[in-house]
Amino acid sequence: MHPIGGNPFRNNIDSARRLREEFSKICFETLLKYSFINDQSSSNDNLVITRLALGSMLSRCKEILQKYAHDERLHGKCPLPRPRTAEMISVLKALGTLIGALKRAPKDSVEMNIWHQLIALYPCLVECTTSPSPQICNALNRLTKK
Numbered sequence: 001m002h003p004i005g006g007n008p009f010r011n012n013i014d015s016a017r018r019l020r021e022e023f024s025k026i027c028f029e030t031l032l033k034y035s036f037i038n039d040q041s042s043s044n045d046n047l048v049i050t051r052l053a054l055g056s057m058l059s060r061c062k063e064i065l066q067k068y069a070h071d072e073r074l075h076g077k078c079p080l081p082r083p084r085t086a087e088m089i090s091v092l093k094a095l096g097t098l099i100g101a102l103k104r105a106p107k108d109s110v111e112m113n114i115w116h117q118l119i120a121l122y123p124c125l126v127e128c129t130t131s132p133s134p135q136i137c138n139a140l141n142r143l144t145k146k
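At position 40 of the sequence shown (counting the first as 1) the number is 40 in UniProt numbering, and the numbers step up by one without a gap.
The set of hints was computed from the structure by calculation and includes no laboratory data.
Just so you know, these numbers come straight off a predicted model, no measurement behind them.
Glycine included, every Cβ here is placed at the ideal spot set by N, Cα and C.
Per label pair, the in silico range of CB-to-CB distance: (1) Arg51 / Asn11: 39 to 47 angstroms; (2) Lys67 / Asn113: 19 to 27 angstroms; (3) Val126 / Ile26: 26 to 34 angstroms; (4) Ser56 / Glu127: 20 to 28 angstroms; (5) Leu74 / Leu47: 34 to 42 angstroms; (6) Glu63 / Arg142: 20 to 28 angstroms; (7) Asp45 / Asp14: 35 to 43 angstroms.
Cross-link-like lysine-lysine pairs, in silico, DSS-like; alpha carbons within 30 angstroms at most: (8) Lys93 / Lys145; (9) Lys93 / Lys67; (10) Lys62 / Lys146; (11) Lys93 / Lys62; (12) Lys103 / Lys33; (13) Lys25 / Lys145; (14) Lys146 / Lys33; (15) Lys107 / Lys33; (16) Lys67 / Lys25; (17) Lys107 / Lys25; (18) Lys146 / Lys103; (19) Lys103 / Lys62; (20) Lys62 / Lys145; (21) Lys146 / Lys107; (22) Lys103 / Lys93.
Working from the sequences, and respecting the hints, build out all of it.
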């Protein structure tokens, strides 16, 4: 017999997962915050590394978005494996975190190239709107409201 709240083991797993996700988001936001500090004392190397890291991350996000949409079309009504859906949701959450950080950052500290790369993801996101997965649709909905 399970308690009224359901399976306590599953509740603990879900709670731990949410805590890990929240911790990951906070770490990512902090990293982004420090990468946008336009401090004269910071070396040019640090700025180059930041630009390369953000560019690389956005390229990887685009790759995941495109592959997910393509594979979902190939699978028809058959859902993609859970790890693929989880990866896609993580990408959408990371993009939401990035958008929030970019909006809060001083305007002169964010290169236009980063904004251009982010905007270039829009067609990929539109392709994903036809996903039959409610989790993907919810994550896309949250992202587009950022």
